[in-house]
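Student: Given next are the chains, with one letter for each unit.
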Amino acid sequence: MAADRVLALVLLAGAAVYLGILVPEVGRAQTALGTGDFYTVGPTALPTFAGAMVAIFSIAVLAQGRRTVPAASFGEGLFGGAVFALLVAVTAILMPRIGFLPAATGFLVAVFLVYRATRWWIALILVLALPILIDQVLRKVFLIPLPQAPFF
Amino acid sequence: MDPFTLALGGFTEPAVFLTLLLSVAVGLVIGAIPGLSVNIAVALAVPLTIFMPTDQALVLLIGLYGSGIFGGSVSAILLNAPGTPASAATIFDGFPMAQQGLATKALRISLIGSLFGATFSVILLVMVAPELASFALSFGPVEIASLLLFTFFVIGILSGASLAKGLLSAAVGMVLATIGSDPMLGTPRFTFGQTSLMDGLTYVPLLVGLFALAEILEEATRGFRQAVGKFNLDGEDRARNRITGKDLKLIAFPVVRASAIGSSIGILPGIGATIASFLAYGDAKRAARDKSQFGKGDVRGVAASESANNAVVGATFIPTLALGIPGDAVTAILLGALVLQGVTPGPLIFITNPQVVYTIYLALLFATMLMAVLGFMAIRPLAMTLRIPKIYLMPSVALICIAGAYVARNNIIDVWVMFGAGIMGFVFNRTGVPVAPLLITFIITRPFEEALRQALTRSEGSFEPFFTNPVTLTLAAIVAAAFALAFWRDLKGRAAARPDKEQENG
Amino acid sequence: MTIRNLIKAGLAGAAMTAIALAPANAQDGEWKPERPIQIVVGFAPGGGTDQTARLIASAAQEHFDVPLVVVNRPGASGTLAAELVANAEPDGHTLLVAGGSESTSVPNHRETNYSLDQFKGVLRVNREHMVIVTKAGSGLDSVEAIVERAKENPGELAYGSSGPGGILHSAFLVFADEADIDLKHIPYQGGAPALAALLGGHVDMTIITPGDAAAQVAAGTVNAVATTSDRAEQIPDVPTLTELGYDVNLENMKGLVAPAGTPDAATEYLRERFKKAMDSETFDRLASRAKITPGYLSGPDFEKAMGDMSDSIAGALNADGAADADKAANQ
Numbered sequence: 001m002a003a004d005r006v007l008a009l010v011l012l013a014g015a016a017v018y019l020g021i022l023v024p025e026v027g028r029a030q031t032a033l034g035t036g037d038f039y040t041v042g043p044t045a046l047p048t049f050a051g052a053m054v055a056i057f058s059i060a061v062l063a064q065g066r067r068t069v070p071a072a073s074f075g076e077g078l079f080g081g082a083v084f085a086l087l088v089a090v091t092a093i094l095m096p097r098i099g100f101l102p103a104a105t106g107f108l109v110a111v112f113l114v115y116r117a118t119r120w121w122i123a124l125i126l127v128l129a130l131p132i133l134i135d136q137v138l139r140k141v142f143l144i145p146l147p148q149a150p151f152f
Numbered sequence: 153m154d155p156f157t158l159a160l161g162g163f164t165e166p167a168v169f170l171t172l173l174l175s176v177a178v179g180l181v182i183g184a185i186p187g188l189s190v191n192i193a194v195a196l197a198v199p200l201t202i203f204m205p206t207d208q209a210l211v212l213l214i215g216l217y218g219s220g221i222f223g224g225s226v227s228a229i230l231l232n233a234p235g236t237p238a239s240a241a242t243i244f245d246g247f248p249m250a251q252q253g254l255a256t257k258a259l260r261i262s263l264i265g266s267l268f269g270a271t272f273s274v275i276l277l278v279m280v281a282p283e284l285a286s287f288a289l290s291f292g293p294v295e296i297a298s299l300l301l302f303t304f305f306v307i308g309i310l311s312g313a314s315l316a317k318g319l320l321s322a323a324v325g326m327v328l329a330t331i332g333s334d335p336m337l338g339t340p341r342f343t344f345g346q347t348s349l350m351d352g353l354t355y356v357p358l359l360v361g362l363f364a365l366a367e368i369l370e371e372a373t374r375g376f377r378q379a380v381g382k383f384n385l386d387g388e389d390r391a392r393n394r395i396t397g398k399d400l401k402l403i404a405f406p407v408v409r410a411s412a413i414g415s416s417i418g419i420l421p422g423i424g425a426t427i428a429s430f431l432a433y434g435d436a437k438r439a440a441r442d443k444s445q446f447g448k449g450d451v452r453g454v455a456a457s458e459s460a461n462n463a464v465v466g467a468t469f470i471p472t473l474a475l476g477i478p479g480d481a482v483t484a485i486l487l488g489a490l491v492l493q494g495v496t497p498g499p500l501i502f503i504t505n506p507q508v509v510y511t512i513y514l515a516l517l518f519a520t521m522l523m524a525v526l527g528f529m530a531i532r533p534l535a536m537t538l539r540i541p542k543i544y545l546m547p548s549v550a551l552i553c554i555a556g557a558y559v560a561r562n563n564i565i566d567v568w569v570m571f572g573a574g575i576m577g578f579v580f581n582r583t584g585v586p587v588a589p590l591l592i593t594f595i596i597t598r599p600f601e602e603a604l605r606q607a608l609t610r611s612e613g614s615f616e617p618f619f620t621n622p623v624t625l626t627l628a629a630i631v632a633a634a635f636a637l638a639f640w641r642d643l644k645g646r647a648a649a650r651p652d653k654e655q656e657n658g
Numbered sequence: 659m660t661i662r663n664l665i666k667a668g669l670a671g672a673a674m675t676a677i678a679l680a681p682a683n684a685q686d687g688e689w690k691p692e693r694p695i696q697i698v699v700g701f702a703p704g705g706g707t708d709q710t711a712r713l714i715a716s717a718a719q720e721h722f723d724v725p726l727v728v729v730n731r732p733g734a735s736g737t738l739a740a741e742l743v744a745n746a747e748p749d750g751h752t753l754l755v756a757g758g759s760e761s762t763s764v765p766n767h768r769e770t771n772y773s774l775d776q777f778k779g780v781l782r783v784n785r786e787h788m789v790i791v792t793k794a795g796s797g798l799d800s801v802e803a804i805v806e807r808a809k810e811n812p813g814e815l816a817y818g819s820s821g822p823g824g825i826l827h828s829a830f831l832v833f834a835d836e837a838d839i840d841l842k843h844i845p846y847q848g849g850a851p852a853l854a855a856l857l858g859g860h861v862d863m864t865i866i867t868p869g870d871a872a873a874q875v876a877a878g879t880v881n882a883v884a885t886t887s888d889r890a891e892q893i894p895d896v897p898t899l900t901e902l903g904y905d906v907n908l909e910n911m912k913g914l915v916a917p918a919g920t921p922d923a924a925t926e927y928l929r930e931r932f933k934k935a936m937d938s939e940t941f942d943r944l945a946s947r948a949k950i951t952p953g954y955l956s957g958p959d960f961e962k963a964m965g966d967m968s969d970s971i972a973g974a975l976n977a978d979g980a981a982d983a984d985k986a987a988n989q
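Protein chains in written order, with the working numbering: chain E, 1 to 152; chain R, 153 to 658; chain H, 659 to 989.
Because the hints were derived from the structure by calculation, they are not lab data. Note that this is a predicted model, so its numbers are computed, not measured. Every residue gets a Cβ at the ideal spot worked out from N, C-alpha and C, and that includes glycine.
List of simulated lysine to any residue pairs, SDA-like, C-alpha gap at most 25 Å:
1. H:690 with H:749
2. H:934 with R:204
3. R:542 with R:572
4. R:542 with E:79
5. H:778 with H:751
6. H:962 with H:887
7. R:542 with E:105
8. H:949 with H:891
9. H:842 with R:613
10. H:778 with H:973
11. R:443 with R:393
12. R:542 with E:109
13. H:949 with R:204
14. R:542 with E:120
15. H:842 with R:619
16. H:933 with H:716
Footprint (simulated), chain E over chain R, 3 or more residues, beta carbon under 8 Å:
17. 322-333
18. 363-376
19. 562-574
Please work from the sequences and hints to get the whole structure.
Tutor: Written as structure tokens, this is what we have:
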């Protein structure tokens, strides 16, 4: 099945979950709380509308057939993309735990290794300098502390 | 000495002038970094202003603000990552231009557009602030809801080839926008108990993820291999990137219209530069005879988007100065800084502190001019950054995006928002679903719901005010006219195509 | 990491023992800050809470050996910051600027992941009066006029608030409850849009700060009809609701609090230093320039003041809740 139809199916399923489970949940929570004013259009109105729209248009896309063919087929190079996504995710997970500096450095090292950066001296400079640069600029100039590890 | 001369004199002081120079330069840089928006920069500058004299403080904040909006277009064009939310619409044509080796040209067009828009809005501000402000006040929930509903129709124009996919994208954007707290009752919706989500998915990380990260992921699938450079020759480069008279003629009308749109939206407190630039972009596309290049690198798209968002800058000062009500987050910060300085914003500011008012006008003007100069000098070197091999550039940008997403609210959840948006953007790109409609619905939905429900609360559930409101009716008429025009053009196009087909078959 | 925690725990324990054993006065030297002290603000820069934070931080810096860093964590009407500080380490290095919507109002309207008793007061810095205003020329130039019109046409007069559950919303609920009138609530995203709505005639009344009220009254755009606590020095002619016969005493105050487990030595140290800052000439100058009304209260008194406010809002909500259930049933 074409990639766009898969997406439409996924979104349709998502809409079903959204409309079937999540939205009524909000409705229930609202009546439980009971405070505040309650006029004709409540908190579930817009979500219901939005969910319905997703459902309707997923069906439309499913029914349409292959009208627009995107440039690259969906699966091309997917592995490379997935690996990068994984690296980003791991960095995001590690960042609050071990601090920005180690996580960022690890991220850059991993990327340069996996994607085989040829000029190792550029890679080295970036690995050493960039995380520190980002961290220091944000910390000193903008006074925004990025997560810090206990020993950093 | 009258206040104007005093204000002007203030700029000759070395401290003030230096502050202006510095803030414009810093604003350009910050605006250009994806994830760090102008708001953060201005917010962080406020503590510095407590102990500064008033004119220096104003110059600092305004310099950052004005040039930051232009700076956002730099990364929008070069990296597909809007440096500030206001530059989101610049991506659609700016980035394709960069990919065709026309980055310098795109940046120059962007600068011209920004310059025009900013100057337009400052002139407007100086000449008609009080009158326009009162008009802006009359825009209540009914009018705002109608305006935002009108903006939804821009989706149709942005959808490109497949309307169904565009609408699907828009619907997903709407669903994402429902995450957060109910605007009227405050009840959490789909937040799973997380207080960090009570204000909804944070906009900047979503934006950065949807465009920048998605693009980087796309590059990752190609192993960050450098595309074969067709445009390495400097000579060819220069020639192609020059702004010709034809270009200027082409963008003239769109820029003027975009500035008008930008300023009109800017006056209305709370709508914002992003919506303005989208509307202007949609308008430029709709009005163009030859729409084929839009989305692939049409200079009009870049010019319109950038004129509009800079035209908002001066216009947001109109309610700020004339009424003491901030037009957006940055002017709110500015008002706060003024209060700390002992200046009370409000309708009487023209009488109690005219020098402050003139300083603001002059600061806006000078900042714009400086931005043009500095920006112009910086364009060529900036475009050169695209020559950096992708294997080094992309991961670095990704890292900056990660840091930038976190820094938005000092919350790790925003990094995940960016990540999720990146995956989604990537998937959408690969399946031919346009991303722009998602973004615009995401931005509009919450203010729209709020305005709609405010209006309904006022009218106790009846839709009657909508049908009798002049603004609503005008907008409805415009939409109807636009649809009719498009339909008629479509018919004409098909009639013209039929004789060709008959010739082929006959 | 564990060793560090042990050491911290040991120090805290030692400090507490020392306090318990030492005489009641002269606590100086028992606790000292070891790293920058974070003052967390639950709102965006430029707003009143942020201004107070920066003012007190600037004025107090000279009394501290460590940097005082103001950190903005805006979101969800200040509840995000409140939640953060409530769950922070109670070692005296994390403070919240409390006393506003997040402390007294929001927890009464919906469930929050923190409660007022998870905080320990350090001191109150300033008081921010709330002034009820109506549009000039609307005929609603006094509280009397408002109440009269509201009784004749129940549910017709509308007020704009800064958001559902916020302190403006609560203030109007308390007022409506006391005056026994029916008002329509239209929430906006903050005080500024609510004021814009008032000026545009889209709502009949709202609440603004005394400074703003003075400016708008001078410009002839609004009527300042009453304050919700006592008279404000910026607009001395405006009566209070209490004077007019309605038992309302609400304020948007700002002060510093620490997480509940913070040792007394720490909060006492902080209170002393911040109080010195408030008495300083720098603070006087900055505060009067920014038109801020200083209102010192000690930690425990500040806690009590917030508690009282929260209780009065809760009272109005319970009464109102019943009325609203009726309304919903009739829709």
